[in-house]
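Start counting the sequence shown at 0; every next residue gets the next number (numbering that gives the first Met the number 0).
Check each hint, because a few of them may be wrong.
As the list claims (entries may be wrong) - Using C-beta positions, here's what the derived DEER-type ranges look like:
1) P6 / G60: 49 to 57 Å
2) K57 / I17: 17 to 25 Å
3) P39 / G127: 14 to 22 Å
Worth flagging that the hints you see were computed from the coordinates, not collected in a lab.
Predicted model, so just to flag it, every value in this text is computed and none were measured.
The beta-carbon is built from N, C-alpha and C at its ideal position, and this holds for glycine as well.
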Amino acid sequence: MQMFDSPYKACSNSITVINKEEDVMAFYRSFTTQLTMNIPFQYIHFMTYEIMQDLMNKDRGYDPSSHMISGAIAGAAAAVATMHLDVCKTLLNTQECCPRSRVSYVNGMTSAFRLVYEYQGLRGYFKGVQARVIFQMPATFHGRIMNCLSIY
Numbered sequence: 000m001q002m003f004d005s006p007y008k009a010c011s012n013s014i015t016v017i018n019k020e021e022d023v024m025a026f027y028r029s030f031t032t033q034l035t036m037n038i039p040f041q042y043i044h045f046m047t048y049e050i051m052q053d054l055m056n057k058d059r060g061y062d063p064s065s066h067m068i069s070g071a072i073a074g075a076a077a078a079v080a081t082m083h084l085d086v087c088k089t090l091l092n093t094q095e096c097c098p099r100s101r102v103s104y105v106n107g108m109t110s111a112f113r114l115v116y117e118y119q120g121l122r123g124y125f126k127g128v129q130a131r132v133i134f135q136m137p138a139t140f141h142g143r144i145m146n147c148l149s150i151y
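Model the full structure from these sequences, guided by the hints.
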């Protein structure tokens, strides 16, 4: 549904068609990629958040603004650091192949990394980084402020 000019009319239609044409395993195509991406994302997010809290809120008192700013910065840092993994995950999910490639199906992270590099070089791994940062900053900001409010 995220692809430009998606052939599906609704989410339920995409589930039915994909299951019929590719089988249930198509829904797990990038599962290992997602896990591979989430572990470093959470690690970087947590470490950056803690560093920012050390700088902004040394006594760790109730300070929603420091939690929000630290969360937003941590989300942005983690988003940038794991962007290359997100690009490959999206390629695996959508199976969008470039016209210059001899590959008709992308199978696994290694193939996804190779295809992105062959088509766009290193810059290809960071296409859409601004959008991802803009998405992650409020998401991690919101998560941190909700944690802050529930603790106090």
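Note whether the CB distance of P39 and G127 lies within 14 to 22 Å or breaks it.
18 Å, holds
Status of the given 49 to 57 Å range, CB of G60 versus CB of P6:
Taking Cβ atoms as reference, P6 and G60 lie about 54 Å apart, which means the hint holds.
When you take the CB atoms of K57 and I17, is the distance between them in 17 to 25 Å?
Cβ of K57 to Cβ of I17: about 51 Å, so the range 17 to 25 Å is violated.
Hint violations for this structure: number 2 only, all remaining hints satisfied.
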